[in-house]
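S.K.: These are the residues of each chain, in order.
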Amino acid sequence: MYATADMLLMTPEAHAIEEPQEIAVEVVLVRAVLDGNRDCFARLYDLYAPLVHGILLARVPRAEVDDLVQDIFLHAYKKLHTLRDSAAFGPWIAMIARNRAVDFHRRSRETVEINDDLRGSEAHDSRAAEILELIRSLPEAYRETLVLRLVEGMTGPEIAARTGLTPASVRVNLHRGMKQLREKLGFMEGL
Amino acid sequence: MKDDYLWDKTGQPDLEIQELEEILGKLRYQPRPLDLPVSRQRSYFPLLAIAASVLLALLAAGVWLRVRNQSAPQPQQAEVIPAPSPVEEKKPEQITSKVVPQEVVAVNHRHRHRPVPAALSKQEREEALLAKQQLMMALRLTTEKLSLVHRKTQNTTPANQIKNQHRVG
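Chain order of the listed sequences is A and B.
First residue of the first sequence: 1, per the working numbering; consecutive thereafter.
First residue of the second sequence: 1001, per the working numbering; consecutive thereafter.
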């Protein structure tokens, strides 16, 4: 996921550079946002919203996911100046999303048990909701990778680049997770 | 290879994975616009307004003081009146009524309406001198004490306490 800085900024000065250095897209965008360019944050949002959505979908009820995605990006916008390495925007926002999911469950436990309304909203869904439930029952490392691959349509290398995991870890998680999911699906179909 | 399809969607497609992609794709992220807060820069207007108000108040006070001083009478001037020498003090019999007591008096023209004290008698003058010496001694003592306290509060030892004893003694 690389692009040149001049491609992103599209300024005449940038085009004047004959041999542009390859800089990760998020680095350019994060720097631009910190310099006051709000539109660049919208581009970061477009790039990383599927990642955050997938991470949340693997952990919290579907009805809550969209609002949480917005909250997480607003939080990231306010706290962007605390990000030390601009290239680590993906792992950083992925960590915010995981923490927010943990907070959600903690708060739900404090107030109401995850109520049946939330579960019910998924229950009426078709087979997609059933398979998602099966994926959610897998170990955490597998379920996140599988959701990003099967729901969000990201490839293994993309998942690795955006989450900061090594490609080898993502590959292992995908294969082991898929194996366990197949077993569960076979068990379900046998019922 | 089937593994490649799971990894990067290349190679021979795995039908089961394709079916899962198709079913679960319904849950995929649907783009929504992000509503960012209007401005993330802090407004310094209140601070600037306070600073400007304080500055204006100071300017007004300065102008007022200047005008007040200009409208007041001219500053006082110290008048030096020759004082009697110590020798003369020791010989009071030589003092005639025409001799003006040798004193340095700061005359405040603003307070001219005050009655000028009459010439002091010898005893009164001696008492006054004694009182003056006592007052000066008290002032010196106070000054020394204050400077000592000041040094103590600043955690510095006095430069030479013994050397300064003569001042207070």
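One should not assume that every hint holds.
[What the hints assert, rightly or not] BS3-like cross-link-like pairs, simulated, lysine-lysine; straight-line CA separation at most 30 Å:
| # | chain 1 | residue 1 | chain 2 | residue 2 |
| --- | --- | --- | --- | --- |
| 1 | B | Lys1145 | B | Lys1122 |
| 2 | B | Lys1145 | A | Lys179 |
| 3 | B | Lys1122 | B | Lys1132 |
| 4 | B | Lys1132 | A | Lys184 |
| 5 | B | Lys1026 | A | Lys184 |
[Stated by the list, open to error] These stretches of chain A come out as covered by chain B in the derived footprint (C-beta under 8 Å, 3 or more residues):
| # | region |
| --- | --- |
| 6 | 55–69 |
| 7 | 82–93 |
Source of the hints: derived by calculation from the structure; they are not laboratory data.
Built from N, CA and C at the ideal position, the CB exists for glycine as well.
S.K.: Taking the earlier hints as the rules, which of them does this structure contradict?
M.R.: As far as the earlier hints go, 1, 2, 4 and 7 are violated by this structure, in ascending order.
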